Amino acid sequence: MMLRFCLREVNMSRIFKPISLRTSTNVSTAFRGFLHRSSTIANVSNIPSSTSPVCSYNEWDHLEEVIVGRAEGATVPPLTVGIKGSTVEENWNFFSKYGGRNFPLDHVNKARAELDEFCSVLRREGVTVRRPDIVDFSVKYTTPDFTSTGQVAMPRDLLIVIGDEIIESPMGWRSRFFEYRAYRSLLKEYFNGGAKWTAAPKPQMSDELYDEEYMKYSVEERQKLATQGRFVTTEFEPCFDAADFIRAGKDIFVQRSQVTNNMGIEWMRRHLGDKYNIHVLSFDDPHPLHIDSTFNIIGPGIVLLNPIRPCNQINMFKKAGWKIVHPPKPMMPDDHPLWLTSKWLSMNVLMLDPTRVVVDKNEKSTIEMFEKLGIKTIPVSLRFANSLGGGFHCWTCDVRRRGKLESYL
Numbered sequence: 001m002m003l004r005f006c007l008r009e010v011n012m013s014r015i016f017k018p019i020s021l022r023t024s025t026n027v028s029t030a031f032r033g034f035l036h037r038s039s040t041i042a043n044v045s046n047i048p049s050s051t052s053p054v055c056s057y058n059e060w061d062h063l064e065e066v067i068v069g070r071a072e073g074a075t076v077p078p079l080t081v082g083i084k085g086s087t088v089e090e091n092w093n094f095f096s097k098y099g100g101r102n103f104p105l106d107h108v109n110k111a112r113a114e115l116d117e118f119c120s121v122l123r124r125e126g127v128t129v130r131r132p133d134i135v136d137f138s139v140k141y142t143t144p145d146f147t148s149t150g151q152v153a154m155p156r157d158l159l160i161v162i163g164d165e166i167i168e169s170p171m172g173w174r175s176r177f178f179e180y181r182a183y184r185s186l187l188k189e190y191f192n193g194g195a196k197w198t199a200a201p202k203p204q205m206s207d208e209l210y211d212e213e214y215m216k217y218s219v220e221e222r223q224k225l226a227t228q229g230r231f232v233t234t235e236f237e238p239c240f241d242a243a244d245f246i247r248a249g250k251d252i253f254v255q256r257s258q259v260t261n262n263m264g265i266e267w268m269r270r271h272l273g274d275k276y277n278i279h280v281l282s283f284d285d286p287h288p289l290h291i292d293s294t295f296n297i298i299g300p301g302i303v304l305l306n307p308i309r310p311c312n313q314i315n316m317f318k319k320a321g322w323k324i325v326h327p328p329k330p331m332m333p334d335d336h337p338l339w340l341t342s343k344w345l346s347m348n349v350l351m352l353d354p355t356r357v358v359v360d361k362n363e364k365s366t367i368e369m370f371e372k373l374g375i376k377t378i379p380v381s382l383r384f385a386n387s388l389g390g391g392f393h394c395w396t397c398d399v400r401r402r403g404k405l406e407s408y409l
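If you read the sequence shown in this note's numbering, its first letter stands for residue 1, the second for the next number, and so on.
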């Protein structure tokens, strides 16, 4: 019996615009292509890990190479229970009305210009910048369990580098099921260069992964449910977004969120083994979605902690002598659209090293905070890219930082 995986309504030539090779659905042709490349695959197996182009242990060592995402092709995700569990109710009508369609073109173009400028700034600071392939995320796809369209190429959510290994997360939203395709050209290049490349188990994302009853509760009730470890995602199968993990050498911190479940956390714990310690943190937050706008480590023993989302395990850091910094209130105006995120992207910064940080140039109070900490700020505007779902940390994946594995707890 042959199991068929159905991808309906997909024109593959529309998806990867920079690639001129014709995509074939003929299995025998694809297999011959695999055999043709087999000698190349065999040749990379003996490359020692010490030559890996991928190496990063924390969020602040000197940044040498980074992937910056793309706004091109960004698509409004369809309204699902998963989206409802992670966003505020006032935006649900937007997802219901425009789900499956590209975000407003003018907005996307401005976001694209911001990200291009961000890349230029990084290059001037001596950082090698890589970009994913351009993908049309409005293409509809169907699996045996659901039908959806895509969303956006935002690398922090999908990819995490731990040592010389780059890990693809399974993701928690159906609209991000095929997001990994935008990065395959880069990942194959890194793999051929000696990097370890791991893809976590791909989830079915069937109805069993989502608690349909969850959204019947009020925001206050959901906040209480969060303290009990109950979220919109169930424990049907492992799922996690990479952005729910944040690294500090041998210690990696993660939150159980609307897209990351306990099975996903346990998968990461077992995969990494005894070399790393996985610490589960929790916060006073009814919509936990990605840890880096709540708890963002900016140096050895120093962390930005969202003042309206207190950490229930903060004493662990105080006992270790960490400096806890509460960032100021964001300055983003109320009329600026934030369909998928909150204003606290103001603390979603990217460290180039312990003395330099990329921060939004509109967030004057946050810039002043860093200056008081003795950290040089590199101001860049990212307001329109914020609307598509992320800040500087979200829109990047640090591929290589100059440093070694250490313990900070």
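No wet-lab data here; the hints were simulated from the structure.
Do not rely on the hints blindly, as some may be mistaken.
Unchecked claim - Pair ranges (Cβ atoms, derived):
no.: 1; residue 1: D116; residue 2: W92; range: 37 to 43 Å
no.: 2; residue 1: G126; residue 2: T198; range: 27 to 33 Å
no.: 3; residue 1: K323; residue 2: T142; range: 47 to 53 Å
no.: 4; residue 1: A320; residue 2: R123; range: 34 to 40 Å
no.: 5; residue 1: L373; residue 2: D116; range: 37 to 43 Å
no.: 6; residue 1: K319; residue 2: K224; range: 35 to 41 Å
no.: 7; residue 1: V88; residue 2: T142; range: 36 to 42 Å
Just so you know, these numbers come straight off a predicted model, no measurement behind them.
Just so you know, even glycine gets a beta-carbon here, dropped at the ideal spot from N, CA and C.
Cβ distance range 47 to 53 Å for K323 and T142, holds or violated: 50 Å, holds
Range hint 37 to 43 Å (beta carbons of D116 and W92) holds or violated: 32 Å, violated
Is the gap between the beta carbons of A320 and R123 within 34 to 40 Å? Between A320 and R123, where Cβ atoms are some 36 Å apart, the hint holds.
Take a look at whether the Cβ-Cβ distance between G126 and T198 falls inside 27 to 33 Å. 29 Å, holds
Between K319 and K224, is the Cβ distance one that fits in 35 to 41 Å? Distance hint for K319, K224 is violated at roughly 28 Å.
V88 paired with T142, Cβ distance criterion 36 to 42 Å: 29 Å Cβ-Cβ, so the 36 to 42 Å window is violated.
Okay, L373 versus D116 on CB: inside 37 to 43 Å? 29 Å, violated
Hints 1, 5, 6 and 7 from the earlier list are contradicted by this structure; the remaining hints agree with it.
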